[in-house]
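Work the whole structure out from these sequences, hints included.
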Amino acid sequence: MRSYLDDESVSFVKNPHTKLDEAAIAFEARLKKLRTKQIPFLEGVPHSLSPNLPPLFPSWTLTCIGPNSYYTHSYGLRDQPNLKLGGEYLYPVSVQLEVDPVSWDRDMQYVQAIEGVSSRPPPRKPRRLPAEIEKVKLFVGMEYECPRGHRFFVAENGEPLRLPKNSNARSALNRESDDEFLHCDFPLRRQCTCRKLPVQTAQLMRVHVVTPKAPITVTIQPAVEIPGQEGYFGTGEGPLQLSWARYYILQLPFIYSGPSGVWIPPVGVERVGTFKGDAIQVKYIPMLSRR
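Residue 542 is where the sequence shown starts when you use my numbering, and the numbers rise one by one after that.
Any given hint might turn out to be false.
[Stated by the list, open to error] List of simulated lysine-lysine pairs, DSSO-like, C-alpha gap at most 27 Å:
id, residue 1, residue 2
1, K676, K625
2, K676, K754
3, K754, K824
4, K817, K678
5, K824, K676
6, K824, K678
7, K817, K676
8, K678, K737
9, K625, K737
[As the list claims (entries may be wrong)] The following label-pair restraints were derived from C-beta to C-beta distances:
id, residue 1, residue 2, range
10, A564, H724, 36 to 46 Å
11, A710, V740, 19 to 29 Å
12, E721, A565, 36 to 46 Å
13, Q822, S589, 31 to 41 Å
14, A564, R736, 29 to 39 Å
Think of the hints as simulated: they come from the structure by calculation, not from any bench. From the three backbone atoms N, C-alpha and C, an ideal C-beta is built for every residue, glycine too.
Below you can see the structure in the form of structure tokens.
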């Protein structure tokens, strides 16, 4: 079965009420006012070598789009345009954590009560892990997009992730998942999956994170390295904390402007730039210890 994207037709949503010219004029007026008052600010994406100043505009956006039930690995993402057939799935990640069994059971009951799940402890399954080890599962997606609007997620090796619905690959990947995905580096730019010439370059634009219904602490602290430049781009803040049982999307910058000026990507479709691994951390901190 062919996807509609195989014919290179994509859909775009236009907002007729957006007045870009007026927005640009308002931004320039604000910029001039700040300079007149000599208020220090950062005119670019926060960088490890930049002054510790508040940025003039947000380059990163973290959005909680709803509960984790918004995504199910059986069906993938729904109502999302420009994803090819079989490419609407996030990557399953299983993390093993050292816990105190008593604290974990107590905290799990609390989370289930908050999320509207029965507070009765679920029946214990035969354990293959020691009592002090618990396994939790997240779903993570590194989403790339090209100028034509094509979107796709990638696997650990940075290649497009395709899991046809009738294939056993999806259930096998879910069953055999581990946390290696979280430690991998991913290219900032790479060749797109579109077939129409000239071949386009896709850029990493969003990071999807679906957190489980478990009393864990999930944080994300992105770091992007540009070839030929020292340091790295980031949010300029500490790790961003994600709540349990939620679906988050971290929007990345499109243009990277830092101490070395505006980065102009090289012509070509080879991999360039790096989104550093270990940006997403998963820990268990007993709730009594957080107070």
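Practice prompt. Any hints from earlier that this structure breaks? Give me their numbers in increasing order, please.
Written response: Violated hints (numbers, rising): 1, 8, 13; every other hint is consistent with the structure.
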